[in-house]
Amino acid sequence: MDPTKIKYWEDFVDAVKKCQAAGIIPVAAGGKDKWPLHFYTAMLMMRVLGKEGMEAAYQDKNGGFANSEVVKAFKLFQDFAALQPFQKGYLANTYGEAAGTFHDGKTAFHLMGSWDLVEGRANAADKKGLPDENLGWVFFPEVKGGKGKANDLFASLDGWLVTKEASKETIDFMRVWLGKDIQTELAGPGLFIPAVKGTADVIQEPLLRQIAQEIDQSQWIQIAMDQLLGPDTGRVLNDMSADLASGNTTPEKAAKALEASWQHNKS
Amino acid sequence: MAIPTDPSSSDPKQAPVPTITSQVQADLPSLAEARQLEELLGARPSLWRRLQDFSGSSQMKTCLLFLPPALLLFTLFVTWPVVEAAYYSFFNWNGYGAPSKWIGLENFLRVLSDPIFYHSLFNNLLIVLVSALIQVPMALALALLISDKSRSSVIFRAIFFLPYILGEIVAGLIWRYIYDGNYGVLAVVYRWFGQQAPDVLATEGWATAALLLVVVWKYFGFHMALFVAGRQGVGDDVLEAAKIDGATRWESTLNIVLPLMRPVIVLSLFFSILGSLQAFAIIVALTDGGPSNSTHSAVSYLYNFGIKRMRVGFGSAIGVTLFIICVLVMVFYKRLFMRPKEGR
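As given, the protein sequences belong to chains A and B, one line each in that order. All the letters of the first sequence, read from the start, carry residue numbers 1335 to 1601 under the working numbering. All the letters of the second sequence, read from the start, carry residue numbers 100 to 443 under the working numbering.
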């Protein structure tokens, strides 16, 4: 099974089946923490609805989150989970335990962000995990017929809070601080991936550089939905993702619950 | 009414019966005489009288010194938060700034129509039932076995008490590890028999059973300690008398020891109910509400759905509802079981 050939969601599902046939646990996931599962539902939503579709959902157009495309995305996830692709007992595992399982080499895939290279490895049994040559990124595949593109990114961004009383010079400072020169300098040793175009080539660590190059290409970055939707609706999305995976709810009910919660909270 | 006069008194004004109205005032007994009268008649002094007596006494000063700090702490940390929670429960509030979105009883309606809330109350009830039907009898039986003063009994008492000393979070985390289907002790045991361990904490019904097991394991030592103390309070002379009368060990246990330990058993059940209503840390550490919100207790439900989701108004409504339930339970329990015994 060649992971670089995975272009569509269906290819990924096939790859998972191949892993199972070969006796390898396909995917690691931290079901107890729930947010690792919401990566799947959120990204599937992105791939099916695309940027415009998601923005319309946030603004309650087309039925908000209860529309049929969201239901389709949820159904894709539920069907995937029905294959039992995750490690045994994943619903009781935290992110740390799942990451440890992956970095011990026990599963083939782990849907995570760049932080997994540091934090995930720290959870491995030998605290070092697998060497870089054994790891690679496969970007989340497109869904056939979906409006989202493969380089639509799902990310957590760091932001900077400024108080109301801050002076005007703060803006100038931010321009310099977040500008290409300083960010390039900081990105070099691989401290983080800057959100500035053109800094990708400076990053030394090859795995991080891959991601940075993707950022350069991307047209749309969606912030992690369980954060963007707020503490309440975000948790509802997490709960729904875990329930879809365990079969405790249907895609329609999940979409309705999400929409109801968003309605209540979006003000 | 004839007022018994003190024969040693030489006051000529003490007439046995007040005759003319104008003389009534002069004939009324003095305070000291009235007190004597009350004592002789066995009458209970009125509240007002008792307050008067109290204000003059030195007990009053002790009271004035020690009561305010206790009252202050109680008001500040118990009464005031309850009142505030009742206030917040009428708002849709995320916890920042001051509450501003008045929504009346909507939070309460939401709580009372949420199936997860009822399931969490059901879990609380399960904990109480398991405590009453499994934990307490077990602790009682053990206590009766090891409440003598021999060295081995003392050692066993210490061993059985150990789980109670563990912090709740620590206990929950230890058992999480034990129950783990891949790396835990349970997995090792199953593998020894060549089987795959089930994922206890990932399966709905089993997770609840697992939680109940941990609760029983942790607290039965405490109940056992209570019962040991209660058992040691039962006098040996009564049991010896029974033995002389030919009672078997079982008969004397059933008919003498247990009835004499009734207050302790009632107290133990009281603690069980209290503990169940407060169960929180052990659930968060073990399952955090469990697979699909199936192992929430009332308090962990409050924390998850009220505080973690920044719906403080909703959380307050849950808190107020819980408070009312607690008060009702405790009032009924006291009425039913803790009535002072009349001449038994």
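None of these hints come from the bench; they were simulated from the model. Any given hint could be a false lead.
Said to hold, decoys possible - With a cut-off of at most 27 Å between alpha-carbon atoms, the simulated DSS-like pairs for lysine-lysine come out as follows:
(1) A:Lys1498 with B:Lys317
(2) A:Lys1590 with B:Lys407
(3) B:Lys407 with A:Lys1600
(4) A:Lys1590 with B:Lys317
(5) A:Lys1483 with A:Lys1339
(6) A:Lys1600 with A:Lys1481
(7) A:Lys1600 with B:Lys200
(8) A:Lys1395 with B:Lys200
(9) A:Lys1587 with A:Lys1409
(10) B:Lys407 with A:Lys1587
(11) A:Lys1478 with A:Lys1352
Because the structure is a prediction, the values reported are computed rather than measured.
Between lysine 407 (chain B) and lysine 1587 (chain A), does the CA-CA distance stay at or below 27 Å?
-> With a Cα-Cα distance of about 23 Å, the restraint between lysine 407 (chain B) and lysine 1587 (chain A) holds, given a limit of 27 Å.
Quickly compare the C-alpha distance for lysine 407 (chain B) and lysine 1600 (chain A) to 27 Å and report which way the hint goes.
-> Holds. Lysine 407 (chain B) to lysine 1600 (chain A) sits at ~17 Å (cutoff 27 Å).
Assess, step by step, whether the Cα of lysine 1395 (chain A) is no farther than 27 Å from the Cα of lysine 200 (chain B), and give holds or violated.
-> 26 Å, holds
Take the C-alpha atoms of lysine 1600 (chain A) and lysine 1481 (chain A), compute the straight-line distance between them, and say whether it is at most 27 Å.
-> Holds, at about 25 Å.
Hey, lysine 1483 (chain A) versus lysine 1339 (chain A), does the alpha-carbon distance stay inside 27 Å?
-> 16 Å, holds
Taken at face value, is the distance from the CA of lysine 200 (chain B) to the CA of lysine 1600 (chain A) at most 27 Å?
-> 14 Å, holds
Can the restraint linking lysine 1590 (chain A) and lysine 407 (chain B) be considered satisfied, given a maximum Cα separation of 27 Å?
-> 22 Å, holds
Does lysine 1590 (chain A) pair with lysine 317 (chain B) here, judged by a C-alpha cut-off of 27 Å?
-> The hint is violated at about 41 Å.
Sort out whether lysine 317 (chain B) lies within 27 Å of lysine 1498 (chain A), counting only the CA atoms.
-> 51 Å, violated
Satisfaction of hint between lysine 1352 (chain A) and lysine 1478 (chain A), Cα-Cα up to 27 Å | 20 Å, holds
Holds or violated: lysine 1587 (chain A) with lysine 1409 (chain A), Cα cutoff 27 Å?
-> 11 Å, holds
Comparing the model with each earlier hint shows violations of hints 1 and 4; every other hint is respected.
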